[in-house]
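Sequence order for the protein chains is A and B. Per the working numbering: the first sequence = residues 1 to 408. Per the working numbering: the second sequence = residues 409 to 816.
Derived by calculation from the structure, the hints in this document are not laboratory data. Where hints are given, some of them may not hold.
Calculated cross-link-like contacts (lysine to aspartate or glutamate; reagent style EDC-like; alpha-carbon spacing at most 16 Å) [to be verified]: (1) B/Lys497 x A/Glu88; (2) B/Lys707 x B/Asp651; (3) B/Lys557 x A/Glu142; (4) B/Lys640 x A/Glu88; (5) B/Lys780 x A/Asp202; (6) A/Lys89 x B/Glu608.
Derived coverage of chain B by chain A (criterion: at least 3 residues anywhere in the stretch with Cβ under 8 Å from a Cβ of chain A; other residues may be distant) [to be verified]: (7) 417 to 423; (8) 485 to 498; (9) 620 to 632.
These figures come from a predicted structure and were not determined experimentally. For glycine and all other residues, C-beta sits at the position ideal for the given N, C-alpha and C.
Number of protein chains: 2
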Amino acid sequence: MKFLQTIKVEEFKTLLDSIPKIELKEEIVALEEAYNRVLFEDVVSPIDVPHFRKSRMDGYAVIAEDTFPAEEDNLIELKLIETIPAGEKPQKALFKGQCSYVATGAAIPKNADGVVMVEFSEKAGEKILISKAITPGTHIIEVGHDIKKNEIIVKRNRMIDLATLGVLASCGIRKVLVYKKLKVGLISTGNELVSDNGRELDIGKIYEVNSKILSQAIENTGASVEFFGILKDDFNELKCAIDKALDYSDIVIMSGGTSKGEGDLGPKVLEEYKDKEVMVHGVRIKPGKPIIFTKFGSKIIFILPGYPTSALSCFYVFIDNFLRKNTGYPLKETYSKQLEVGERIYSPIGRHEFKPVQIKNVNGVNKIFPVKTGSEAISTMFYADGYVEIDELESIIEEGEKRRVYFF
Amino acid sequence: MKFLQTIKVEEFKTLLDSIPKIELKEEIVALEEAYNRVLFEDVVSPIDVPHFRKSRMDGYAVIAEDTFPAEEDNLIELKLIETIPAGEKPQKALFKGQCSYVATGAAIPKNADGVVMVEFSEKAGEKILISKAITPGTHIIEVGHDIKKNEIIVKRNRMIDLATLGVLASCGIRKVLVYKKLKVGLISTGNELVSDNGRELDIGKIYEVNSKILSQAIENTGASVEFFGILKDDFNELKCAIDKALDYSDIVIMSGGTSKGEGDLGPKVLEEYKDKEVMVHGVRIKPGKPIIFTKFGSKIIFILPGYPTSALSCFYVFIDNFLRKNTGYPLKETYSKQLEVGERIYSPIGRHEFKPVQIKNVNGVNKIFPVKTGSEAISTMFYADGYVEIDELESIIEEGEKRRVYFF
Numbered sequence: 001m002k003f004l005q006t007i008k009v010e011e012f013k014t015l016l017d018s019i020p021k022i023e024l025k026e027e028i029v030a031l032e033e034a035y036n037r038v039l040f041e042d043v044v045s046p047i048d049v050p051h052f053r054k055s056r057m058d059g060y061a062v063i064a065e066d067t068f069p070a071e072e073d074n075l076i077e078l079k080l081i082e083t084i085p086a087g088e089k090p091q092k093a094l095f096k097g098q099c100s101y102v103a104t105g106a107a108i109p110k111n112a113d114g115v116v117m118v119e120f121s122e123k124a125g126e127k128i129l130i131s132k133a134i135t136p137g138t139h140i141i142e143v144g145h146d147i148k149k150n151e152i153i154v155k156r157n158r159m160i161d162l163a164t165l166g167v168l169a170s171c172g173i174r175k176v177l178v179y180k181k182l183k184v185g186l187i188s189t190g191n192e193l194v195s196d197n198g199r200e201l202d203i204g205k206i207y208e209v210n211s212k213i214l215s216q217a218i219e220n221t222g223a224s225v226e227f228f229g230i231l232k233d234d235f236n237e238l239k240c241a242i243d244k245a246l247d248y249s250d251i252v253i254m255s256g257g258t259s260k261g262e263g264d265l266g267p268k269v270l271e272e273y274k275d276k277e278v279m280v281h282g283v284r285i286k287p288g289k290p291i292i293f294t295k296f297g298s299k300i301i302f303i304l305p306g307y308p309t310s311a312l313s314c315f316y317v318f319i320d321n322f323l324r325k326n327t328g329y330p331l332k333e334t335y336s337k338q339l340e341v342g343e344r345i346y347s348p349i350g351r352h353e354f355k356p357v358q359i360k361n362v363n364g365v366n367k368i369f370p371v372k373t374g375s376e377a378i379s380t381m382f383y384a385d386g387y388v389e390i391d392e393l394e395s396i397i398e399e400g401e402k403r404r405v406y407f408f
Numbered sequence: 409m410k411f412l413q414t415i416k417v418e419e420f421k422t423l424l425d426s427i428p429k430i431e432l433k434e435e436i437v438a439l440e441e442a443y444n445r446v447l448f449e450d451v452v453s454p455i456d457v458p459h460f461r462k463s464r465m466d467g468y469a470v471i472a473e474d475t476f477p478a479e480e481d482n483l484i485e486l487k488l489i490e491t492i493p494a495g496e497k498p499q500k501a502l503f504k505g506q507c508s509y510v511a512t513g514a515a516i517p518k519n520a521d522g523v524v525m526v527e528f529s530e531k532a533g534e535k536i537l538i539s540k541a542i543t544p545g546t547h548i549i550e551v552g553h554d555i556k557k558n559e560i561i562v563k564r565n566r567m568i569d570l571a572t573l574g575v576l577a578s579c580g581i582r583k584v585l586v587y588k589k590l591k592v593g594l595i596s597t598g599n600e601l602v603s604d605n606g607r608e609l610d611i612g613k614i615y616e617v618n619s620k621i622l623s624q625a626i627e628n629t630g631a632s633v634e635f636f637g638i639l640k641d642d643f644n645e646l647k648c649a650i651d652k653a654l655d656y657s658d659i660v661i662m663s664g665g666t667s668k669g670e671g672d673l674g675p676k677v678l679e680e681y682k683d684k685e686v687m688v689h690g691v692r693i694k695p696g697k698p699i700i701f702t703k704f705g706s707k708i709i710f711i712l713p714g715y716p717t718s719a720l721s722c723f724y725v726f727i728d729n730f731l732r733k734n735t736g737y738p739l740k741e742t743y744s745k746q747l748e749v750g751e752r753i754y755s756p757i758g759r760h761e762f763k764p765v766q767i768k769n770v771n772g773v774n775k776i777f778p779v780k781t782g783s784e785a786i787s788t789m790f791y792a793d794g795y796v797e798i799d800e801l802e803s804i805i806e807e808g809e810k811r812r813v814y815f816f
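Given the sequences, and given the hints that come with them, work out the whole structure.
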């Protein structure tokens, strides 16, 4: 067992990257439920698309050879034998001197090998006059032009987006084999937390926030969430909940119980487990220094700080893309921009800070300003536009310096 | 009534921009259901946050004056009278010469006006030795520091994102008043369409795709979708379905039935209605030239082309942000990039083309290539990375020219 006390941001990121993808099982879902799921296997088309020859235009299906002499001043006369709307099966094969009207998308009759656009025709009773020569194949979409039967149309591990959904539907696929969702167990801890919004608060109590925002944030990565409740700071209660959560989930995310105070049991409970592989006790970051990470064989536990602002920013910086890697969702690219600092920013030495900042327009120039409230304030999360990273060894960023802002 | 035959892209965009926002009614939803809904009214906090004075640190709550003489070589002795964990109500008020242990987030006892961090203390039986002077207010979070009671915390028209959800939850808000969802009625038309994936296809028939991809695309804008079925090209059937859809919905989106073929009834049915305000018969674009648009008093109908690739690209270019404007969702910003064209691209004169393109890496440089299949092919949508816009009067873009690619 590797037991690491506190480590640097970069070490933690490297550690997370080195963890192999959790192997998820498969399940069958109906196509209607398949949007944003991730394919477990290559999908092969059961049909040719189109599965019949069809017209690309409104016009007349003809035997191309019949039209070869046609010119604007030399109209060719063909006998109209059928009108084929889209969706109908042609009833008559075509022979020399004949034509059939075909709507866009309609099936081409037997023997026809080209379509003359309506624009190059004139109707004269039962006769159609053609003013343009066409070569064989003109305006005909051949069988399998778009997708061939038994061809692999979508590869495994692709997330089913709108275009994929369209391709699958056009091949008549009803059900697909997708990865089961990654299961994340969520736990909130703290004697001060009250779950029931709207109940009046006693002195010392606060409304619980983390389960509400983290469960949504986790679902956004394509995982499913099971909430194991708000727990008191009680060793046995916590141990029991973690056991249950580990049993159910691939990954457990706890919040609260990570600082050094007397009531913080999370790390103590985790130390009890014998089958840990790696245990990181804290990452030297601000806000939320004590992010605990433990790996049990193939299962992983994160403990995030209790303050919602800290919990959510730790989630965004470390866990969001870690979950996406495991669910198969595309990784989130952080949008960032180099801007000038509009006011001196302080940061503690010895911790890598993700400093929440606001962008304000000063005389037409966007500049970076620190958010005045700290990580204890929920409004910090609300008013911050993004964050700047401040190295462990930096304590001051001067006004006028250029810094990269990472937007939320 | 303004009746416009075919108009340019820019005219159509201007027309859409000029339509006032549809007025949506309000409804109450529980906070758990409120994620990604849009607030109908300003939200005011029913409580101060925090609603009690609390400690920012693990340490000792003191009367600051008691510590004034304290220095590293002049320890001040205080009597520990209580230990206050987070979540507990202090039982004892503090008097001169006394202190209480407070965990991070714990309530500050009466009379205390500062907290000395554990780091500057030593325990000696019942006594606590303090080695640092503090000023009043040190490490105390005052009542309402984060959010003040009766303060507006979130303004109307804001979409409830994770940070907003956190702020609302921390104020103990249980229910919020949000806009009802914009109602979109969806109709697919075409005799050739078969709804039941997996059923074997007759010659002439194809699987219906548009309802599956458009309903998802519409839901992504925050609207709700009601599907009014796949309709045959029958005047009365279509008229009846449009009546029903108009009755139910704020906006009706139909696909199919827009080209000039004999089976295309959509525009004919719309012309029957007497209460149209504006009617656009076609926008000169490719793919999907005949995008029909009609406004009935406060209701709007769009008819998109039948090919899924054309329908979806028309949706993205014109309708997506139009719906978002009405649902209150943030508008989608198209990510675009200037790149070199890697192969000559052709485009018809007289239509503004949204040409699907692929980006390929040629000797380390990303270049633009046209997608070979046309809008009739579902795979076009699948393989395209984005599109370039080609003006009505342009017919060729030469290899080597620089063009802006808009990514999907």
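**OP:** Hint by hint, work out which the structure violates, then give me just those numbers in ascending order.
**Re:** 1, 3, 5, 7
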